[in-house]
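Engineer: Please put together the full structure from these sequences, using the hints given.
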Amino acid sequence: ATPNKIAVNSKVNGLLFDYNDKDWYSVSVSQKGMARISFDHEFVDTSNDYWKISIYNGNDCIDTTQFKGRDVVTAYSKTIDVSSGTYFILVEDYSFSDKEYTLAFEYTTSGSFDGISYDNNNNNNNNENNNNNNNNTDPDEDNTTSAAKGTKFTANGVSYKVTGDGEVTVTGGNLSSLVIPQTVTYSGNEYDVISITKNAFKKNSSITSVTINADLEYIGTGAFYNCKNLTTLTINGDVDTINSKAFYNCKKLKNITINTEVLDKVGSKAFYMIYKKASIKVPSSCFSDYKKMIKNSKVKSTVKITKA
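Just so you know, we're using our numbering here: the sequence shown kicks off at 1173 and counts up by one.
FYI, nobody ran anything at the bench for these hints, they're computed from the structure.
For every residue, glycine included, the Cβ atom is placed at its ideal position computed from N, Cα and C.
No false leads were mixed into what you were given.
Straight-line alpha carbon distances no greater than 30 Å define the calculated DSSO-like cross-link-like pairs of lysine-lysine that follow:
hint : residue 1 : residue 2
1    : 1424      : 1449
2    : 1449      : 1476
3    : 1423      : 1400
4    : 1437      : 1400
5    : 1250      : 1194
6    : 1449      : 1464
7    : 1194      : 1449
8    : 1426      : 1463
9    : 1400      : 1470
10   : 1441      : 1424
11   : 1194      : 1441
12   : 1464      : 1194
13   : 1448      : 1470
14   : 1375      : 1183
15   : 1441      : 1467
16   : 1453      : 1375
17   : 1271      : 1426
18   : 1467      : 1375
19   : 1423      : 1479
20   : 1423      : 1194
21   : 1448      : 1464
Listed next, with one range per pair, are the computed distances between beta-carbon atoms:
hint : residue 1 : residue 2 : range
22   : 1175      : 1459      : 25 to 35 Å
23   : 1205      : 1474      : 48 to 58 Å
24   : 1203      : 1354      : 35 to 45 Å
25   : 1183      : 1455      : 26 to 36 Å
26   : 1322      : 1473      : 35 to 45 Å
27   : 1473      : 1285      : 43 to 53 Å
28   : 1205      : 1237      : 15 to 25 Å
29   : 1272      : 1412      : 18 to 28 Å
30   : 1237      : 1424      : 37 to 47 Å
31   : 1451      : 1282      : 52 to 62 Å
32   : 1272      : 1360      : 26 to 36 Å
33   : 1237      : 1321      : 24 to 34 Å
34   : 1196      : 1248      : 14 to 24 Å
Structural biologist: Right, dumping it as structure tokens:
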């Protein structure tokens, strides 16, 4: 009903939990050109057709490509001609277990896909970095170099990965009382914590409580999937998106407090299969909108959504 919006030439990570699960994306192009899907996926020990990617123009399916489970190198759909407008992408698989993938809607007006660069929606970061460089005129100022993109480190029991200049994503940890801070320091540099990656704490049996103090772009798909001992969740920072199945099957999760007033999306089944009589408290100023979002994400009817 509500596809995830993605940009052209920007990679997105996804997760399908079983053969009944489906992921929908929408992407807009500005003018006539050519497009194709690039697709990387987790290895599957089968020779059968495993993944299926379909592209729709409105209700019309204009291309369907099947990818083998053993094809672990980047594969591509056939090239299609596109005009300005919005297209929809459906991702399906034929497995009984959860599997990860990465896709991009590659788009070009030059007649060739050679030389496509993935912007990954980091344009704002580049502007900020340029401003910081222009203002750094003090010769005595600390010029410690930020860690390279992709660098992984652990601080106070939480694992991180550098995603850009001055920014990190949470990738895991093994604490019972998990606290996601606003910033974290590594090798003399301070980083903003901007997201929790997909599957970060999947099936983590140690976690009993989660407190999010960071301003996050998103809590990733399946981030706390099946954390069987998680009972309490508190979101204090500004979180834009809680992705699909983020807290799926956390059967003891019964106390949820959402204090952010900027939540824009709650993905499908984000809180599905939590404690059947769980309490979700939300800001009174956002009560109607948040209640609707949470209900539409397929939470059980016995879960109470109240004003904080």
